Amino acid sequence: MRIRLTIVACVATLLASIALYPLFKTAGWFGSGLGAVLTVGGAGLLTRRFRLPAVACLLISVVALVFYLNVLFAAGDAFLGVVPTPRSLSSLAELARDGWQDSFRYAPPVPVLPGVELLSTGGIGLVAILVDLLAVRLRRAAPAGLPLLAMYALPARFREESAGWLVFLPGAAGYLALLVADSRDRLSGWGRPVFSRHWSDDVRLRDRPDSSPLAVTGRRIGLTAVVLAVVVPLAVPDVDPHWLPDADGNGPGGLTTVTTPDPLVSLKRQLVRADDAVVLTYRTSDDATPDYLRMYSLDRFDGDGWTYSTIHGDKNARVDGKTLPAAPGLNRDSSLLRPVTTSVRIDAHVRGMSVLPAPYPPTKVSIKGDWRVDAPTLMIFSPHETAGGRAYTVSSVRPSPTYQQLEAAVPVPDDVASRYLAVPAPMSVGRDVIALAHRLTATASTPYDRAVKLQEWFTKPGNFKYSLDAPSPRNAGALRDFLFGSRTGYCEQFAASMALLARIVGIPARVAMGYTSGERQADGSWIVRTKDTHAWPELYFAGVGWLRFEPTPAGGTGQGSATVPEYTSPLLLPGAPTSGSTSRLPSTGQATGGRSTTGHGSVPRRRADPLDPAGAAGPLAAPRHGGPPIGRLLALLALLLLLVSAPAALHRLARVRRWARAATEADLAHAAWEELRIAAVDHGLPWRTGDSPRAAGRRLTEALSLDEPSAEALNRLVRAEELARYAPAPGPGAGLREDAFTVRAAFAAAAGRRGRWRARVLPPSSAAFPRGVAGRALDAFDRIDSLVLRRRRHSAG
Amino acid sequence: MSVSTHGGIGRGLDGLAQISSKILGAIESVIEGKPDVVRLALTVLLAEGHLLIEDVPGVGKTMLAKALAKSIDCSVRRVQFTPDLLPSDITGVSAYNQELREFEFKPGPVFANIVVGDEINRASPKTQSALLECMEERQVTVDGRTYPLDAPFMVIATQNPVEMEGTYPLPEAQRDRFTARIAMGYPEPAAELEMLDVHGGPSPLDRLQPVARDGDVRAMIEVVREVHVAPGLRGYAIALVTATRNHPELRLGASPRATLQLVRAARAYAALDDRDYVLPDDLQRLAVPVLAHRLLPTAEAQVQRRSAEQIVAELVERVAVPDHRR
Chain A
555 MRIRLTIVAC VATLLASIAL YPLFKTAGWF GSGLGAVLTV GGAGLLTRRF RLPAVACLLI
615 SVVALVFYLN VLFAAGDAFL GVVPTPRSLS SLAELARDGW QDSFRYAPPV PVLPGVELLS
675 TGGIGLVAIL VDLLAVRLRR AAPAGLPLLA MYALPARFRE ESAGWLVFLP GAAGYLALLV
735 ADSRDRLSGW GRPVFSRHWS DDVRLRDRPD SSPLAVTGRR IGLTAVVLAV VVPLAVPDVD
795 PHWLPDADGN GPGGLTTVTT PDPLVSLKRQ LVRADDAVVL TYRTSDDATP DYLRMYSLDR
855 FDGDGWTYST IHGDKNARVD GKTLPAAPGL NRDSSLLRPV TTSVRIDAHV RGMSVLPAPY
915 PPTKVSIKGD WRVDAPTLMI FSPHETAGGR AYTVSSVRPS PTYQQLEAAV PVPDDVASRY
975 LAVPAPMSVG RDVIALAHRL TATASTPYDR AVKLQEWFTK PGNFKYSLDA PSPRNAGALR
1035 DFLFGSRTGY CEQFAASMAL LARIVGIPAR VAMGYTSGER QADGSWIVRT KDTHAWPELY
1095 FAGVGWLRFE PTPAGGTGQG SATVPEYTSP LLLPGAPTSG STSRLPSTGQ ATGGRSTTGH
1155 GSVPRRRADP LDPAGAAGPL AAPRHGGPPI GRLLALLALL LLLVSAPAAL HRLARVRRWA
1215 RAATEADLAH AAWEELRIAA VDHGLPWRTG DSPRAAGRRL TEALSLDEPS AEALNRLVRA
1275 EELARYAPAP GPGAGLREDA FTVRAAFAAA AGRRGRWRAR VLPPSSAAFP RGVAGRALDA
1335 FDRIDSLVLR RRRHSAG
Chain B
1355 MSVSTHGGIG RGLDGLAQIS SKILGAIESV IEGKPDVVRL ALTVLLAEGH LLIEDVPGVG
1415 KTMLAKALAK SIDCSVRRVQ FTPDLLPSDI TGVSAYNQEL REFEFKPGPV FANIVVGDEI
1475 NRASPKTQSA LLECMEERQV TVDGRTYPLD APFMVIATQN PVEMEGTYPL PEAQRDRFTA
1535 RIAMGYPEPA AELEMLDVHG GPSPLDRLQP VARDGDVRAM IEVVREVHVA PGLRGYAIAL
1595 VTATRNHPEL RLGASPRATL QLVRAARAYA ALDDRDYVLP DDLQRLAVPV LAHRLLPTAE
1655 AQVQRRSAEQ IVAELVERVA VPDHRR
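Chains as they are written, first to last, in our numbering: chain A, 555 to 1351; chain B, 1355 to 1680.
Since the hints were made in silico from the structure, they are not lab data.
A quick note: this is a predicted structure, and the numbers were derived from the prediction, not measured.
Worth double-checking, as some hints may not be accurate.
[Said to hold, decoys possible] Okay, the calculated beta carbon distance ranges per label pair:
#	chain 1	residue 1	chain 2	residue 2	range
1	B	E1576	A	P1286	46 to 56 Å
2	B	R1492	A	P1286	37 to 47 Å
3	A	G1306	B	A1527	26 to 36 Å
[To be verified] Over 12 Å on every C-beta distance to chain B, these chain A residues come out as not near it, computed from the model:
#	residue
4	R651
5	A696
6	S737
7	V784
8	L1022
9	V1198
10	A1200
11	T1243
12	L1277
13	A1328
14	A1331
[Unchecked claim] Cβ-to-Cβ under 7 Å is the rule here; a few derived chain A residues that face chain B:
#	residue
15	S1246
16	Y1280
17	A1281
All residues carry an ideal CB built from backbone N, CA and C; glycine is no exception.
Please put together the full structure from these sequences, using the hints given.
The structure is reproduced here in structure tokens:
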């Protein structure tokens, strides 16, 4: 029946399930998970008692799990409260569906609703079934780690921050215990060994052969593996692409990241909600219609849809009271920035909102709790709190760019270009889409003109139809259907398409998601409801930064509260030419036709036209974000150099200290001897710690052919150490230091070029300290082991 | 030419070096090509121990014993052990003196400074054990009276390997009383050739003249007692001996007496090397001759033809030498 192995399998599953805790708000799921694991373990024991085949074992375990879930979640519909009926099963299925939807509705940590609990319990139960089947029934303990690993993968997928090493340890311990128990069981099949008397003592104590000495070795290896698995990732720098050169302001290490499921998933659900619940209310110092409240900036287009890169923010990135990082591309000196203060109160019923709606670009956010800012996108998020019921104040600026600013041909910084101009290969986007983008903007000469052309095309009456009945676009085909076929959609299609077309014609673009300004109340405050949920494109213009565009139809036949920004109409802009359309404005002199053939995604890098009245090269030049890549590379190199030279430097320091500390003659002799030992180890010469000085000297002399002075120096060192260690009085210490150096030089000469460099750069003796620490840890572990063994012997005797 | 312990061990060592080199030279004029064995024999003498020489017949066991005895001007007795030898033949007997009308003790051959016991394992265990008291307590008790033995007192016993016919193996208790067991080994071809030349004429043993007096030996023993053993090295000696007790291939480990004799022999060995302090190397060199003959390998080890010498040599490799921190 393998009772012991079954128990260990159950414990391993439970320990691994601890890894799920970051996904849930409360710990209620653990109890039901425990029950599921026990049920599965009991069913497994039962099938093994009657020696049923493995398939039957699996089936019975599944049936047992369903019974358990039935009792726990659908007892009311079950026959006698226990036996599943069609009704109880369908209510289980319904609950599971609810749980599935809930899991998308809320960002982790998810509240433990019945549906979610059902899913988690069922999942843990399934893992328990697989582990039981693999490890106990089929005796394949090693692959049983895979289902256990699956439980780690889940939180890692959703919340990078929380899957810490503390969570890893119990799971690893459980898995190791499973392996140990399995191996012990196997070993007991070998019969009684006939070994020496020390073994036979142990054998007499019990009927089975003693696997303890083997287990000690196994545990040593296991401990080492776990420690390595935990320590190495801590020591190795984060291999996040943002950390490498060409990142945008995040330093290495200590980053806290948050990933929530696709925000667009909930967009349509919010829009079609029947109750049209209140999301938030706010007051603003802005006289005009306030700007949209942005939550997410989706910067990645993968060919099918828009998602956002991992956002970062460590504890230093907390927003409270501090001035936030500068908005990318925005020239803060400009007098055309209007400061706006917005006081927001999120409705108490809002759940799972871990990103704050705020006008872009925010300069300061005052809110209680741990809220952080992602510097490149200025998204305000919390790794573990939600905004429901909170009130906060956002200071932001509202740019009113002039026509000259927008038309100014300032090159886009490299970091912005690389992140926000990326378009997948033409094959996945479709050549027709690319052709469309260039055709629409053929007559425009500057990025701004092209952006305006694109917005005009989307909003031109009759071109597109706003409808919430359209399916949410989940792939490239849906977008193309929107552009060329149905031409029907809601804000998500409009925003996604315009951002994509903008990228194709060389304007850095991203999709923003959040809320429109909502509806003005009689008391002057603004109220935002679920139907105000909105997505819109943001386009980047150097010197001005990110500007909102509005391709979605507004008003009664569109998104009701959507507004078109003033700056998207060139004729309304201050400083705009009084006549003609944008295409006839003084251009930079480049052929407009050339662009359409040079392909998409090219970065417009044009010199400022001397005729341009705005003098764009002046104060409006875009500030560059992040240091130049070469500087970062150099810093990286310096860091590497420091790491590489650390062992040698520590080594040298230790030598200096050793000599400085030597006060007595005996100390001098010991220091010289230590010097000799290190020199020998560093140059790869034979050295055994158990050797007497004389034996060590002999060994070295045999390994090398030393010249006369070095051999004599070595002899003097040996004799001095002998006297210092074993004689009543040590010998004279004078000259030992010189002797030690002579011998070291002789070793170096004998070691060859490679050996010399190794001794200089990476002296093997410098590994002694970490090795010593590891050895001590293992010794401690051994002592615990021997205690356990002794107690076992005691109880057996 | 006497050895004095006055004025510090340094002067004592000088004298010891002088005399010991003479003794060694004298013995080596008889036993060619075996300086290590000769030195070990002298070490045992200076460590106040007894020496067991074990080897096949004809390799010079008795010659070594005799040469050592003869190079020192002291009383030497030789006993040829045979199966019919009685204990009283060794210790002596009380005989009734009719003239004096009382029992008179007739001392046996054991009353000498150096006793050479030839082929000791040919005697019956009863006779062998008669040597026990003499060797350990340096006294003889006959009819309730105790007679002390002279100092220095050393038993040099030779024996044939136990596998040979007509032998009684020495009991463990008696083996334990010998400080060291050495094997002569066959001589090198060159040494054997030289031996042919030298032994062609009159026996070199006859030409051997004493080069030291018994008083000199006593003084040398005093010097040896002064040799310094660092605390770490005492621990090392104990560690070596303890290792034999815990070894899975040994049925019987070495006794505490072995520890004592190991350290004592190491002192003598160090003094012969002109040092007033013991080195771990001394202990290592002496571990096999001093410890191996006291150990009993298990049946499994014997089946695998593992000798006690091999096991001790491995232990010496394994037990770490103390450094200044320990």
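Consistency of the hints with the structure:
1. B:E1576 - A:P1286: 46 to 56 Å: Violated, since E1576 of chain B and P1286 of chain A (Cβ atoms, about 29 Å apart) do not stay within the stated range.
2. B:R1492 - A:P1286: 37 to 47 Å: Since the Cβ atoms of R1492 of chain B and P1286 of chain A sit about 43 Å apart, the hinted range of 37 to 47 Å holds.
3. A:G1306 - B:A1527: 26 to 36 Å: violated (58 Å)
4. R651: The claim stands: R651 of chain A keeps its Cβ more than 12 Å from every Cβ of chain B (closest is about 66 Å).
5. A696: holds (33 Å)
6. S737: holds (24 Å)
7. V784: Since the minimum Cβ distance to chain B is about 32 Å, V784 of chain A lies beyond 12 Å and the statement holds.
8. L1022: Consistent with the label, L1022 of chain A stays out of reach of chain B, its closest Cβ about 81 Å off (over 12 Å).
9. V1198: The assertion about V1198 of chain A holds, with a minimum of 31 Å to chain B.
10. A1200: The claim holds: A1200 of chain A sits with its nearest Cβ about 26 Å from chain B, beyond 12 Å.
11. T1243: It is violated; T1243 of chain A is separated from chain B by about 6 Å at its closest Cβ, not greater than 12 Å.
12. L1277: violated (8 Å)
13. A1328: holds (19 Å)
14. A1331: At about 20 Å from chain B, A1331 of chain A clears the 12 Å cut-off, so the statement holds.
15. S1246: holds (4 Å)
16. Y1280: holds (4 Å)
17. A1281: holds (4 Å)
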